[in-house]
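Line by line, the protein sequences are chains Y and W.
With my numbering applied, the first sequence covers 1 to 393.
With my numbering applied, the second sequence covers 1 to 64.
None of these hints come from the bench; they were simulated from the model.
We treat Cβ as the ideally placed atom computed from N, Cα and C, and that holds for glycine.
Just so you know, nobody snuck in bad clues.
Computed Cβ-Cβ distance ranges for the label pairs, DEER-style: (1) W/5 - Y/315: 39 to 49 Å; (2) Y/311 - W/35: 37 to 47 Å; (3) W/34 - Y/171: 15 to 25 Å; (4) W/21 - Y/98: 35 to 45 Å; (5) Y/362 - W/21: 46 to 56 Å; (6) W/55 - Y/311: 44 to 54 Å; (7) W/56 - Y/184: 37 to 47 Å; (8) Y/330 - W/55: 34 to 44 Å; (9) Y/238 - W/55: 21 to 31 Å; (10) Y/311 - W/56: 47 to 57 Å; (11) Y/55 - W/55: 43 to 53 Å; (12) Y/137 - W/34: 22 to 32 Å.
Which bits of chain Y does chain W cover? Going by a derived footprint, with three or more residues having C-beta under 8 Å, they are: (13) 151 to 157; (14) 248 to 262.
One-letter residues, chain by chain:
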Amino acid sequence: MENHHQLIVVGAGPAGSYAALTAARRGLNVLLIERDPEVGRPLACAEAISVLGLSSFIDPDPSFIATEIYSLGFTVASGFAFTYRHPEQLGYVLNRPAFDRYIADRAVEAGVELVTSTYADAIELSDTGPARIHLRIGDRDCWVKADYVIAADGVESMIGRMAGIKTFLPLSRNDACLQYRVTGIEVDAQLLEFCVGGKYSPDGYLWVFAKSDHSANIGLGLNPAANDSGELRRILDRFLKDRYGDFTIEFESCGMVPKFVGLGILGRHNLLLAGDAARAVDSLTGAGIAKAMHTGSLAAQAVAAAVSGEFDRGELVERYRAMVSDEIGWELRFLQKAYRIFRKFTDRDWESLARFLEKYLAKRKAGSINPAQIIKLAFIRVPRLIRLARHAF
Amino acid sequence: MLEVNCEKCLDCAGCICLCPETALTINLTGLHIDQNACTLCALCVRFCPVQALEITEKKILTNS
Chain Y
1 MENHHQLIVV GAGPAGSYAA LTAARRGLNV LLIERDPEVG RPLACAEAIS VLGLSSFIDP
61 DPSFIATEIY SLGFTVASGF AFTYRHPEQL GYVLNRPAFD RYIADRAVEA GVELVTSTYA
121 DAIELSDTGP ARIHLRIGDR DCWVKADYVI AADGVESMIG RMAGIKTFLP LSRNDACLQY
181 RVTGIEVDAQ LLEFCVGGKY SPDGYLWVFA KSDHSANIGL GLNPAANDSG ELRRILDRFL
241 KDRYGDFTIE FESCGMVPKF VGLGILGRHN LLLAGDAARA VDSLTGAGIA KAMHTGSLAA
301 QAVAAAVSGE FDRGELVERY RAMVSDEIGW ELRFLQKAYR IFRKFTDRDW ESLARFLEKY
361 LAKRKAGSIN PAQIIKLAFI RVPRLIRLAR HAF
Chain W
1 MLEVNCEKCL DCAGCICLCP ETALTINLTG LHIDQNACTL CALCVRFCPV QALEITEKKI
61 LTNS
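For reference, chain Y alone in the conformation it holds in the complex (with noise of 0.2 Å):
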């Protein structure tokens, strides 16, 4: 390992080892840290995906596909249920730690240095020159040189803490989940089902993604401030209990899904957060590994063309906002709104919501579902969304 880069990315998941690759296409000398012994250790994710998320960022390839979604099933309090089955692929259910594993090796083709069991725990940034960054590998330790950083490391975005970045999160603003792979059960694999409201997800949502006829990715989330954190194991037990009877779990999983809290902490000096780090999540469903690679894209799209003298090292985060801005940043303020319309729902509110969406989408054929139609129908027939949104937009 040469002692100074031209970038330096922290962590390879989605986020960084796109924004490796991305930066690495564009001509630069890359190192890509990561601090586990091999990039795609079993993580909590849901690991559900849309086709035009996955398709926008990278051709999808049998090995990290465990089911193609067709099918959306919602269930909500009452009971009322319904299945939507779409003529197109919806979507994607991923395996995780080979999807994180392909990128990976994609970014190291494209001339990305990859080292592993390595952890940084010290960064020191300068107005203008190359940030430092400490590095510990095994019993060793050392200090690197970058003129650029792109911190994707994860919800806890360590690195943007220690580089004086707000990241830290308020109660209100991120759910709480716990999820298992169950196996040993009987699932359709075109599925994904979601349940909100009533006994198994009362103030949030319960997930069933289908990862093959007889395994699935079964989780729930909560608001942790206005919930006790031990009602999620209590919850999701019952539910297979009531629901599978007969099951195993192979292994469980937890996280935090962070809420989208603004464009404001995405960066500083010659350091770009991307990722979970930078909160680029769909608020109301947690999904995240699309907006991930797109964040990680634009970050090194930004990084390269600082290099390239487009425009001043110091202009750097104020591009890199922008550009999120131009192309995610309606979409992320619209969900984060969204969501505070759902958490306000009522067992009667979902009720009319799902027999509304049942009703819309059975009438529809093939690909001629438009999401602006159907929100505006909505508040046409779920008038209570009229009030709530009032107080959220």
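Given chain Y's structure and the hints, the job is docking chain W onto it.
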């Protein structure tokens, strides 16, 4: 005092984002608590999805 039960902790690091005092850090060996920085605000305890964090006794403040 805030304590972490390493057998329960799944290293998700969610608690770290919530700590207003940066008393929690994670490294290769797991989650670490800086007892001097911790104010026992218990935000992390309320968050933890697997109940790995616990406040075991009152912190004794000495004013010597």
